[in-house]
Amino acid sequence: MTLGLYPGCSLKGSSREYTESVLAVAQACGIELVEIEDWNCCGATAAHNLNKELSLALPARILSLAEKQGMKEVVVPCAACYSRLTVTNHELAVHPELKQTITKGNGLDYKGSVEILNIIQMLDKYITPNLEGRIVKPFEHKVACYYGCLLVRPHEILKFDREEDPQSMDELMLKAGATPIDWAFKTECCGAGLSVSRTSSVGRLSGEILKDAADRGAEAVIVACPMCQSNLDMRREAINSYLGEKIDIPVLYVTQVLGLALGIDRKTLGLQRHFVAVNI
Amino acid sequence: MSAETIHSVIAGLAGEVMEHTGVEASHCYQCGKCSAGCPLSEEMEYPPSYVMRMLQTSDPVLEDKILRSFTIWVCLTCEMCYSRCPMSIDIPKMMDFLREKSLKEGKANHRAKHIIAFHKSFLDSIRITGRLYEIGLLVDYKSRTFKVMQDMSLAPKMFVRGKLNIFPEMIKGRAGVSSIFSKSNKKSK
Amino acid sequence: MSKIGVFVCHCGENISATVDCAKVAETAAGYDGVVYSIDYKYMCSDPGQSLIKSAIIEKGLTGVVVASCSPRMHEPTFRKACAEAGLNPYMCEMANLREHCSWVHEKGDATTEKAIDLVRILVEKVKKNHSLNAIKVPVTKTALVIGGGIAGIQASLDIANSGHKVILIERDPSIGGHMSQLSETFPTLDCSQCILTPRMVEVAQHENITLYTYAELESLEGFVGNFKAKIRRKSKSLDEKICTGCGQCTTKCPVKKIPSEFNEGLGKRTAIYVPFPQAVPNKPVIDRVNCTYYIKGKCKVCEIVCPTKAIRFDQEDTIVEAEVGAIVVATGFTVKQPDFFPEYGFGKYPDVITGLQFERLASASGPTLGEIRRPSDGKVPEKIVFIACAGSRDPAKGIPYCSKICCMYIAKHAMLYQHKVHGGKSYVFYMDIRAGGKMYEEFVRRAIEDDGVNYIRGRVSRIYEKNGKLIVKGADTLLGAMPVDIDADMVVLATAGIANEGSEELAQKLHTSYDSYHFFSEAHPKLKPVETNTAGIFLAGACQSPKDIPESVAMASGAAVKVACLFSQDELTREPLIAVVNRQAAPVFSSCVGCFLCVSACPYQAIEKEEIKNRTGEVIKTIAKVNPGLCQGCGTCVAFCRTKSIDIQGYTHEEMYSEVMALLNEY
Amino acid sequence: MADFEPKIVAFVCNWCTYAGADLTGTSRIKYATNVRIIRFPCTGRIDYMLLLKAFDEGADGIIVSGCHPNDCHYTSGNFHARRRWIMFRELCDFVGIDINRVLFSWVSAAEGSKWADVVNTTVTRIRELGPYTEYQKVAKHPIREVTNG
Ligand SMILES: Cc1cc2nc3c(=O)[nH]c(=O)nc-3n(C[C@H](O)[C@H](O)[C@H](O)COP(=O)(O)OP(=O)(O)OC[C@H]3O[C@@H](n4cnc5c(N)ncnc54)[C@H](O)[C@@H]3O)c2cc1C
Ligand SMILES: Cc1cc2nc3c(=O)[nH]c(=O)nc-3n(C[C@H](O)[C@H](O)[C@H](O)COP(=O)(O)OP(=O)(O)OC[C@H]3O[C@@H](n4cnc5c(N)ncnc54)[C@H](O)[C@@H]3O)c2cc1C
Ligand code: SF4
Ligand code: SF4
Ligand code: SF4
Ligand code: SF4
Ligand code: SF4
Ligand code: SF4
Ligand code: SF4
Ligand code: SF4
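Chains as they are written, first to last, in our numbering: chain A, 1 to 280; chain B, 1 to 189; chain C, 1 to 667; chain D, 1 to 149.
Bound-form chain A, shown alone (with noise of 0.2 angstroms):
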């Protein structure tokens, strides 16, 4: 089994664990994720503030590209990559006048055939059917998965779980032998898009998602995003200090802790390069 991957740039940088991890579960799971050549930057929030144009027409580059390597399903790990790439994609279908401005008008060629799927969907079309007796060291934790903003939002073009109150990744750490709670700030915003250049507003809307984690007993905080886990997990003494208080549950992603059910080694898994040491 064969499928196609955008790690985008936070997986090739500051969030490589999660790559680490996404292969290692893969692997382990006999599927291989061959990498989009020549991949560009899909332009993230940056795009889509400044220049609307730029910002469909930069994932359109990457949909091109997977297109014309053939690949019918594309795993796209990053939630803010794969809100950007599903967008795109769906703006394409439903506007053609758009679509030819963007491709054509871009030296680009794209038929639509490409279908994203985000971690969770590719691990529960994939990976998870097959789990049976292959959960060797079950995760067992009291865990809070949290989705943020881009995996479920906005509804009517992703088409992923619900938009309040998800369960997909829930029932994702159930099967790696997780308990995960349940609690108010699954889709609450951690303000990852003023990481760097409003770092206030991170430490509030950060600071009480894991202020509520942390309340209701959570030992871990899970995530499908780089974007999460590094403004959760990098930015965890600005966050502390704005609440006053010592947080210190570790932030981990969906596939760390599947590889860590799974028997994967933590190394491979990432697990030292988190900030918030990961001590369970």
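By construction, these hints were calculated from the structure, which means they are not laboratory data.
Beta carbons are placed, not taken as given, at the ideal position from N, Cα and C, and that holds for glycine.
Some hints could be false.
Said to hold, decoys possible - 25 angstroms max Cα-Cα, derived DMTMM-like pairs, lysine to aspartate or glutamate:
#1 C:K348 <-> A:D182
#2 C:K466 <-> A:D165
#3 A:K211 <-> A:D248
#4 A:K68 <-> B:E169
#5 B:K183 <-> A:E67
#6 C:K473 <-> B:E45
#7 D:K114 <-> C:E106
#8 D:K30 <-> C:E13
#9 D:K53 <-> C:E113
#10 C:K473 <-> A:D161
Said to hold, decoys possible - Calculated Cβ distances over 12 angstroms to all of chain A for the following chain C residues:
#11 K128
#12 K141
#13 G163
#14 N208
#15 R288
#16 G594
#17 N665
Keeping the supplied structure of chain A fixed, place chains B, C and D with the ligands upon it in accordance with the hints.
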């Protein structure tokens, strides 16, 4: 009435918003649910529903205030407002348009300069290399904002954890990417 | 050979000021078949009418054209006059010289010419007219009322008190509907049960009312005055005639944990149960879905303890057939339920409840005996939040309309809370306060001014639970959309009022229309609010759209009067302006080819298929047949029929063609 | 063609437009004298063969008017009328009738002044188009086959 005849009737900025995004300000009935749920509304001088109301007035003074507001830059397009709006008003899409317009008309709020600088540095990084080069981004951003100390404590820690690449990754199709940039920049001028 | 009389009216000067009436009369006198033509000052006056009557008698007129005002004004007057003189009333037509001519044109030749044309058109039409007789249909003087809420109860009592028989069917084990669940009622705060129960008892005891509870309409055939209804009486698993309502069985039934529908899930009931103490009839039913005997074949405790041996485990549903002349639909409404408000955690947090659940908490007969205690732990809430328009006025959730009653019951709930919980704090998040009604606005103001209820204008975005509190995130749009967070102990959602389950199916059984929200449609939003488009079927109460008790009752009495009007006649007379399919001599029988396009066109399902048989009973042809009881005379079928086999009396092809010809061809 | 006085036939429904025209009268709003009204129970009853007949007999223009959508006295008659109107247009195209000579409109019982407007607009339009003689040329034979087939 066809969409065409509708927006020719709507005056001013609201009409422009309608034309470019399909968002119809007149559909907002000021319930305030967007402002209630917006994670950033307390940092905005005009919460989202307030912006909608300002648009509805077609008052040039208020329209100018929107374009000069901090609000439009603080919005993270988290889509919370849109997902809960009873009238399905796509505020984030509208915010994208307002930001773009504000920037083009040189009305961007001075408090937003770090945010804009960050976005610009980010895009520059992609324009040149095709991918985001995080160290480059930070250096560039700092040179734009003179926020030299901010985040400097993070960099070494990231480096130790193998989270920073010292050299940028250059893609082969760089020329294609920068042509995308120059084309869309021209269009948006 | 036609003998037509033309009577041209001056209307004082209203017509004669611009139209040369004498010339009109003179010209008409020259038309073929016109034997009498005259102009006169006031045609509708007594002398004017006498003029017509004597002309009919003296000249033996076969048709009359009165050229005066709009037929919408005086057609009945002149047709009656003709009838009095022995001429079939449908042989009288009116040319509209006033509204359509003299009043809209200046004096001049063109105006007089137009008047002449208008007269000529109708002279030619009258020549083709046929004598018609009013249609008479017999009336079965029994009404069927569907639904035993306050609306159905009121309609049944009013009809029964006017001396007619009523069959009232109610789906649930008891009548009473939503009103029986309410605590106190706005705007007077009188106890709902106290004012309702006497009426429920009256229904049960009224000699003209047959009450079938636990029953539903199975099917309906026929038309106004002559419906045939089949009613399914679901098995109650006991013999009601023997049961004394002693309650032994309900006390002893071991299955005790079924959420009580009456208490909106806040209390429990047994498998054999009476929904509430004041139920009418006060006899239990066995809920077979939850009864151990029906599930596992064992138990029968109720049978053992029953002193009168009333339990009948093998009782089956029965079908009752009834002939009725009119129907009142009063099936009410329901409120939107869980999972519709994921952002409010409804269904997830036990202390986020509906308004109807709050009614049960506030009711003296409710699960908390009228104390406001939250469902999760029984604590008295110190802070309570009410959310208006929960689901209503929310196109994104598919309900754009306003549910109308909730603004008022929220004010009532907040007031009841403030009366019952001293020192408690109540907040209402609202978009608009809709309190149009007698003493309604005053009632809301009282909640705000005297009871200190805190109204905040803004919609709530989200509710989540934190440390045993419900965090309500709203905004105050009157303060620049400033976010407002309240840590409440309990939240009450004024959930949208929606059409009752099964209303669509019921409407289809009745052949009446329903709107896009599945509420029953009235015939005209202003002038026929209790009628439906189907003659003989009327609406009462919240089945037409959410409404409060006074409105439901008024509507019910209105529907009852409509039924009584119908029943005041032994036969129904209807204007004969209806469609007919032509009949011809054998072997053709009719030019109808049986394509039944007309059947699909008719908005009233008035066209049936008729089989024509020869003497040996063999079907030789199937043709269309109009049911005169159902046809409303719209003529849609006529335009659809390609063989011109169906025609509408009073507007026949022949008549309409002759009008067109006359109009365009002067003599 | 200034002194040409067109003959216009109006096919209207009893419940809305006929009553609306009555209101024009009671409000004493003046309009051109060229129109003659023929009353039908409902626009749904109006059979387009009658319209052709009117042209055949020398009408220069036709107005068809009834209740607004959803206001039909008979629930849906006017919807049928509208649907048939589309067919009628096609038929007109086919046989070469100038569709500008037929005006389809909704006038409610309360729209007295609208009725006057409808009449005046139609009269002006038909005056510009001139007398209708082409129909007699194209007509007579083919139409009946077309409509019955
Ligand atoms: C929370 C709340 C508070 C309220 N408070 C007030 C108040 O204070 N004052 C006030 O004036 N109004 C109040 N109302 C409104 C009031 O409840 C309604 O006006 C009233 O109940 C409408 O009566 P109804 O008979 O039309 O409908 P319902 O009460 O709904 O009765 C309909 C009946 O028909 C039966 N039925 C349904 N379908 C069928 C079927 N197919 N066959 C046979 N039977 C069927 C049902 O079982 C039910 O018994 C309140 C409503 C709510 C939700
Ligand atoms: C500006 C305005 C706009 C409106 N628009 C709408 C609308 O769009 N839609 C809608 O549904 N409703 C509308 N309404 C409401 C509507 O007018 C009323 O609902 C309706 O007229 C009430 O009818 P009625 O017969 O009860 O009272 P009225 O219309 O007031 O009739 C009462 C009659 O009784 C006569 N009368 C009074 N006293 C005596 C006496 N002592 N003896 C004998 N006769 C007497 C009066 O002369 C009068 O003819 C509107 C009202 C207003 C003011
Ligand atoms: S939620 Fe929608 S309707 Fe309500 S105020 Fe915001 S934009 Fe307007
Ligand atoms: S998209 Fe922007 S305005 Fe809307 S909720 Fe998110 S931050 Fe607020
Ligand atoms: S019949 Fe009509 S037109 Fe003649 S006087 Fe009476 S009201 Fe006037
Ligand atoms: S015990 Fe028997 S008589 Fe008593 S209520 Fe039950 S069924 Fe009726
Ligand atoms: S047989 Fe059924 S209804 Fe009777 S007591 Fe047992 S469980 Fe209850
Ligand atoms: S009655 Fe009030 S609370 Fe209910 S839907 Fe209408 S405005 Fe909202
Ligand atoms: S009456 Fe006309 S439309 Fe109806 S079935 Fe007969 S031929 Fe067909
Ligand atoms: S006239 Fe109208 S109601 Fe009567 S049969 Fe024809 S279509 Fe049906």
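Against the structure, the hints:
The hinted pair formed by K348 (chain C) and D182 (chain A) meets the criterion: a straight-line CA distance of about 10 angstroms does not exceed 25 angstroms. Note on K466 (chain C) and D165 (chain A): the hinted pairing holds, with a Cα-Cα distance of about 15 angstroms set against a maximum of 25 angstroms. With a C-alpha separation of about 10 angstroms, the suggested pairing of K211 (chain A) with D248 (chain A) holds against the 25 angstroms cut-off. Between the alpha carbons of K68 (chain A) and E169 (chain B) the distance comes to roughly 22 angstroms, so the proposed pair stays at or under 25 angstroms and holds.
Taken as a hint, the K183 (chain B) and E67 (chain A) pair is honoured in the structure, with Cα atoms around 23 angstroms apart against an allowance of 25 angstroms. Proximity of K473 (chain C) to E45 (chain B) is assessed by CA-CA distance (about 19 angstroms); at most 25 angstroms being required, the pair is judged to hold. Among the hinted pairs, K114 (chain D) with E106 (chain C) is consistent with the structure: their alpha-carbon atoms are about 19 angstroms apart, no more than 25 angstroms. A threshold of 25 angstroms between alpha carbons decides the hint, and for K30 (chain D) with E13 (chain C) the separation of about 17 angstroms falls inside it, so the pair holds.
For the suggested pair K53 (chain D) and E113 (chain C), the alpha carbons sit about 22 angstroms apart, so the restraint of at most 25 angstroms is met. Among the hinted pairs, K473 (chain C) with D161 (chain A) is consistent with the structure: their alpha-carbon atoms are about 23 angstroms apart, no more than 25 angstroms. The beta carbon of K128 (chain C) sits about 59 angstroms from the closest Cβ of chain A, which is more than 12 angstroms, so the claim that it is off the interface holds. For K141 (chain C), the shortest C-beta to C-beta distance to chain A comes to about 55 angstroms, beyond the 12 angstroms cut-off, and the non-interface label holds.
In this structure G163 (chain C) is separated from chain A by more than 12 angstroms, as the shortest Cβ-Cβ distance comes to about 57 angstroms. Listed as outside the interface, N208 (chain C) is consistent with that label: its C-beta sits roughly 53 angstroms from the nearest C-beta of chain A, beyond the 12 angstroms cut-off. For R288 (chain C), the shortest C-beta to C-beta distance to chain A comes to about 34 angstroms, beyond the 12 angstroms cut-off, and the non-interface label holds. Every CB of chain A lies more than 12 angstroms from the CB of G594 (chain C), the least distance being 47 angstroms, so the non-interface label holds.
At roughly 57 angstroms from the closest C-beta of chain A, the C-beta of N665 (chain C) stays outside 12 angstroms, upholding its exclusion from the interface.
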